[in-house]
Amino acid sequence: MTNWINTVSRDHVERGVAGGFTQANHGKPHTLRKMKRGDWILFYSPRTVYPDGPALQAFTAIGQVSDDEPYQAEMAPDFKPWRRHVEFLDCFETPIRPLLDDLDFVEDKGRWGYKFRFGVFAIDDHDLSVIRSAMTRPEAATVDG
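For the sequence shown, this note's numbering begins at 976 and goes up steadily by one.
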């Protein structure tokens, strides 16, 4: 099983949670094809709204891939993004900054945002545990948009 982080604005995450799906890299299928049923996927939102909304810098959703293959959805005649079905957990939006010292994928704490430029990337079980714990605790802080 692989654990993934998908970098997506909060407004797009909310659409995915409501519809039970994720997209990645502007609807391209490549990374989605690497995902397997049961993989965990965390959503990090640098902004509230794509592309120029206010900064957020928080984890906004968590779930597990629940299908075997990507599928295509038609959003417009000229835009048919690839998606994966996801079963989302109930969670709290959680700011990243209090977690930075405990996250192994953040190699340079001074440039912690660099990794998110890749869109989707894998993390280890330790980092999944740190983030999932923070997101599913009742006392997790909610970030105002």
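Any given hint could turn out to be false.
Unchecked claim - Restricting the straight-line Cα-Cα distance to at most 27 angstroms, the calculated cross-link-like pairs of lysine-lysine (DSS-like) are:
1) Lys1090 - Lys1003
2) Lys1084 - Lys1055
3) Lys1011 - Lys1084
4) Lys1003 - Lys1084
5) Lys1090 - Lys1009
6) Lys1009 - Lys1055
Unchecked claim - Now the in silico label distances, taken between C-beta atoms and shown as ranges:
7) Ala1051 - Val1105: 32 to 42 angstroms
8) Ala1051 - Gly1085: 34 to 44 angstroms
9) Pro1052 - Gly1085: 16 to 26 angstroms
10) Ala1051 - Glu1082: 16 to 26 angstroms
11) Pro1026 - Asp1079: 39 to 49 angstroms
12) Lys1009 - His1101: 16 to 26 angstroms
13) Asp1065 - Val1105: 26 to 36 angstroms
Please keep in mind that the hints were generated in silico from the structure rather than gathered at the bench.
The C-beta atom is built at its ideal place from N, Cα and C for all residues, glycine as well.
Consistency of the hints with the structure:
1. Lys1090 - Lys1003: holds (19 angstroms)
2. Lys1084 - Lys1055: Violated. Lys1084 to Lys1055 sits at ~37 angstroms, over the 27 angstroms cutoff.
3. Lys1011 - Lys1084: Given pair Lys1011, Lys1084 is violated - Cα atoms ~30 angstroms apart, limit 27 angstroms.
4. Lys1003 - Lys1084: violated (30 angstroms)
5. Lys1090 - Lys1009: holds (18 angstroms)
6. Lys1009 - Lys1055: holds (19 angstroms)
7. Ala1051 - Val1105: 32 to 42 angstroms: holds (38 angstroms)
8. Ala1051 - Gly1085: 34 to 44 angstroms: holds (41 angstroms)
9. Pro1052 - Gly1085: 16 to 26 angstroms: Between Pro1052 and Gly1085, where Cβ atoms are some 45 angstroms apart, the hint is violated.
10. Ala1051 - Glu1082: 16 to 26 angstroms: For Ala1051 and Glu1082 the Cβ distance comes to about 39 angstroms; the hint is violated.
11. Pro1026 - Asp1079: 39 to 49 angstroms: violated (29 angstroms)
12. Lys1009 - His1101: 16 to 26 angstroms: Holds: the Cβ-Cβ distance is about 21 angstroms, inside 16 to 26 angstroms.
13. Asp1065 - Val1105: 26 to 36 angstroms: violated (18 angstroms)
The structure fails hints 2, 3, 4, 9, 10, 11 and 13 (numbered hints given earlier, in ascending order).
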